[in-house]
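**Q** Sequences are here, hints too, so could you generate the full structure?
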Amino acid sequence: MIENIDIARCTGCGICDAVCPADVIHMEPAPVTAEVAGLRHIALLPVIRFREHCITCFSCEVFCPERIVDVHPSVKNRPRPW
Amino acid sequence: MASLDGVLIETDVLVIGAGAGGLLAALSAKRHGTPGTRVTLLDSWMIGRTGHTAFSNAWMIVALPGDDIDGILREIVAGNDGIADQLLVREALQQSHARLKDFEAIGMTFHQAADGSYARRPTRGLDLARVLYPEGGGLEFCWRLRLALEREGVQLLDRLFVTGLLRGAEGRIAGAVSIHSRTGTFHVVKARATIVCTNAITFRSGFVRDITGTGTLLAYGAGAALRNAEFSYVRPGTPKFYFEGITFAIQEGAHFVNGKGEAFMREYEPEWADEADVPRIARAMALEKQKGNDPLYLDMSPIPEDTREYFIHSKVKWMDYFFRKLGAEARTDMFGKTPYYALNQMTKMGIRTGPDCRSDVPGLLAAGLAQAGCANHFAGFHIGLCVGNGWVAGRSAIEDLDSLPPPRLDANQIEMLHDEALRPLDSTAAAESDAILRDLQAVMFAYDVGILKHGERLQQARQRVEVLAERMRALAAPHVHELVRLKETEAMLLAACFILGASLFRTESRLSHFRDDFPERDEDNWLVWVDAVRDGDTPKFVKTPVPTPLCPVLRRAVRPTRLDQRFAVAGG
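Same order as they appear, the protein sequences are chains A and B. Start counting the first sequence at 160; every next residue gets the next number (this note's numbering). Start counting the second sequence at 682; every next residue gets the next number (this note's numbering).
Keep in mind the hints are simulated off the structure, nothing from the lab. Wrong hints could be hidden among the right ones.
Under 8 Å between C-beta atoms, here's a sample of chain A residues computed to sit facing chain B [to be verified]:
#1 V178
#2 G197
#3 S218
#4 P240
Computed list of lysine to any residue pairs in SDA-like fashion (alpha-carbon distance at most 20 Å, straight line) [unchecked claim]:
#5 B/K1224 to B/V1209
#6 B/K921 to A/P238
#7 B/K972 to A/W241
#8 B/K996 to A/W241
Glycine included, each C-beta is placed from N, C-alpha and C at the ideal position.
**A** Structure (structure tokens):
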């Protein structure tokens, strides 16, 4: 299950959102420190919106060019027949 | 009409779902079509990066020149206990080498032996068939195909979740309607031929829990018959980690043992023991559970130390990450004592078609595992058949373009489908479909319902599913994310009715369908497909004899796997 995205190092490329097969990560506008005083800088940054639906496929981590996504290998909520 | 707000796309061939079947159907349609033929491929998520094929290792059965295609066909038919479309399987095998060359031409590479010949491995439960494995597994396979489709001018639409099929005025299918799986924007895709490739339905159980296979149910709603609902793909699994290398592990000496330390497979499968294919292993595991011999384990201790490393790495990138991040724990879990059970990964219910992949409804075709070509898919035959039937479906769709009247859109129908797609959206609602899904899983995965079946237990399960369906009707979705999940869960509930109904109907035991109350295989009465056809509001189950034009259906071959051929290589 996805644990964390190191937002401080994120470039906002959106690949983690694009490759997620479970709609867990959403790119959403967020205020960041502007380079020029007086301007409001709004960046699109990833938010772990539906963590509970992560299927632990590692795609976000595998394809992140900055290597800042961390998925834990625990597999949760796996149905059992007995 | 004022409420209608959406996007209209027009195409010639619409392919729904971008696994191996859909990717190949789109490629085939583009290549078989005259220049300028419009082909559109859409998927709920990102084409080339998501779906069952993308997360698989993409092993595929390929018959190289000189291979015994008739022999491979015979063993696949036998391995399906006869429930196979022989003509379609033969075509998939016959064209597999040409597809391999297509794949290489778009940049895929396949493992090779030192002398440059293809490295091939046998697959569980089959003797003659050999699988090839592409470098980079399913992710590379799907991505290469995505890039090729882009180059060849196929329109790719990511993130469209199909909610209905359009019925044209002449009883034909005229495309599909969908919602954007992030924004909810309504889309109409008008098409002259529509190929459903949305996999078989699952209950979010297997290692790829994003696949849900809703297209088959939409096809049923549009008038197609569904087939093979009583069969399922049940495989050994563990609650702790994903392990897709069981086939190879068993070839290296691993075997299943019960809680008493007894290797039990030979008792149930005298000829194949642990090398039996997965439905038979699952049945044996369930029978051991029934006897009280659980927990069950896959004993990997016979695997030599120097080859163990192989199993905690994978050529499939995401799986390799998984093991790497587990670290030392992976080694302990895999080679220590981790309980295994028989896990229902997906159903085998697909759309009834002929060997040309055309459904009963004009303009509607099926490919991939949404097409009911076989009731049992071996490692490597999942993808192998999907590659084959995808190619066939694309070709048939092109043939249909000139013979079917052009579709016309019906504004009233579109408005109805629009309302149906978006009606459950209610920002004040709570997201509750997961709770129903968990209850549904508990009903359908119980080993004495999903694996070892009995008339009374199936009836009880059906009543429980009806209660869940009633609960479902009251639900709404607060956002698009939940709207998609809710519609998927609705489809699963409907699929559960088909599965239980077909399981009650088939009063014998065959393949993955084991009836405690009808334990014998009955060749005289049940060498048939069980087809669910629409009869008012409820499905009616009917028998369709399985034609055997190429080989008679025999009891399973008793010849053991030839050990000396396990790692054979062949030229090509």
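**Q** Confirm or reject each hint.
**A** For each hint, the structure was consulted:
1. V178: 4 Å, holds
2. G197: Because about 32 Å separates A/G197 from the closest Cβ in chain B, which is outside the 8 Å limit, the hint is violated.
3. S218: Because about 6 Å separates A/S218 from the closest Cβ in chain B, which is inside the 8 Å limit, the hint holds.
4. P240: 4 Å, holds
5. B/K1224 to B/V1209: 6 Å, holds
6. B/K921 to A/P238: Holds, at about 12 Å.
7. B/K972 to A/W241: Answer holds: B/K972 to A/W241 is near 13 Å, not above 20 Å.
8. B/K996 to A/W241: Distance of about 32 Å is beyond 20 Å: violated.
In the structure shown, a violation is registered for the earlier hints numbered 2, 8, in ascending order.
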